[in-house]
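Sequence order for the protein chains is U and E.
The first sequence runs 0 to 184 under numbering that gives the first Met the number 0.
The second sequence runs 0 to 152 under numbering that gives the first Met the number 0.
These aren't lab readings, by the way, just hints derived from the structure by calculation.
Keep in mind that this is a model prediction, so the values were computed, not measured.
There is no bait here: all hints are sound.
Simulated restraints on C-beta separations: (1) U:L12 <-> E:L132: 32 to 42 angstroms; (2) U:E77 <-> E:S59: 46 to 56 angstroms; (3) U:L12 <-> E:L47: 21 to 31 angstroms; (4) U:F174 <-> E:V137: 22 to 32 angstroms.
Just so it is clear, CB atoms sit at the ideal spot from N, CA and C, and this is done for glycine as well.
Each chain is listed here by its residues.
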Amino acid sequence: MWFYIRWTLWLALLAVIAGFLHYTLPRNDVVRIVQTDIRRIDPGDNALFWANADTGDATGVANRDVHFISAKRPNDKEMEYRNEDTGWGWPPYFKFNTSSLHTKASDLQSTRDNPQWVAIKKYGWRSQMLSIFPNAISVKPVEGPDVRIIPWISISILFGLGCIWLAIWSRWRKFWDKRKDPVLD
Amino acid sequence: MGARRDRMARAAQFGIASGGRAGYHWAEPATSFPELPMAALARLLLILFAVLSVVYVSLSLYSRSIRRDKLEAEWDGLNESDTEAFQRAGLEEHDDSLFGRLRNRAGRNPEREEFVEAGLQEYDQSLRRKLILGVYVVPILLIGTILYITNYN
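Chain E with its partners taken away, still in its complex shape:
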């Protein structure tokens, strides 16, 4: 722990400079915070929480975008050459040109949007979505297991 070491080094020098005895035990300067017991554990948990949160957020966003892609592909696959779908979608005629297809896919289709949004809402409540919380759970279980195997086996 670099910061603490620095502070202690300074404390010792201060002690010597002010005529005090440099020793193994010295009073902590009044400005410093007392070290908590298990500070190392607190530090580990803090770092772990920060790192895992980054992983959790990235994984959530990634998984949601994959889900969106799949839902869009599902809609496009179902309705690719379905004239009715185009009409339902409010397009005046079945525009089977490349431009028409792209326009149907490019998000100007409210039914498609609705379909995708509904699918995403379903996904938000699914078990699959909650499994991403394993990002937090698995490392903690792993730490417990390693701790047990290393020390009590």
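Chain U with its partners taken away, still in its complex shape:
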């Protein structure tokens, strides 16, 4: 009984951490940009998934305009990205160049007949049910639809986090063993 409760709690914690990392770390999509536009957005219950970076403009207003990038994936499915400043806030991408990115993405638009494939680095999730969009960080042209992009940044961040965790955990372990062993002896 306790076994199952304990493992359920551990798995839940693990799922939260994994979800957080999956949301926050940068990932790459290879897509073809269909259009870029600006829509008025009123974040509601999903406000958590919208950046509201204080990069000079008002933050307390009820609604605002958000840049969007609409795209098609190589498998012909649709994908949409928002394009928002993250500013000095979380996640720490320190992105202030929304307008420039909008220009770049517009410049890389292409048609179905003459596709220009691009790699979009983004963080976040697309969910149609919650009306949430991943935030595009950068756009760069690539050779073709099946180019392989190795996520070095995510790998090194995960590696670093693993090292920090291991360092703390092993020390904690040692400390704990030292405290309890004399009692057992």
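Since chain U is already given, all that's left is putting chain E on it; use the hints.
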């Protein structure tokens, strides 16, 4: 920024309640502090400073305790079966029993204390000790690098 949003929401309601026009631009209530430009940056730096200070203090204490352990181990290793050391330390005879060894190690030995204190003072002035300041420096450099790569690359 939750607090600000709340205040602004209240300000709007107050405006409507007092017969004013609810609008995009309204005068801030006199009681509120004006928002500083780059408030977000100030907030980030404040939070960063607080978090890094906790890390810095913990790491300093940890590193010092490790240094102390090493110095104690060094002394104990050097003098483990050295009768002279026991005599120098003021113990009347070389008590090689477990109790004697423990007593020698347990901090009643003034020379051992002196040795450890001297070593710790040396450590306090060492480069190794100052490297812990990297806790503050590295994240700031990292922020600068990410900022540059994201926006100007």
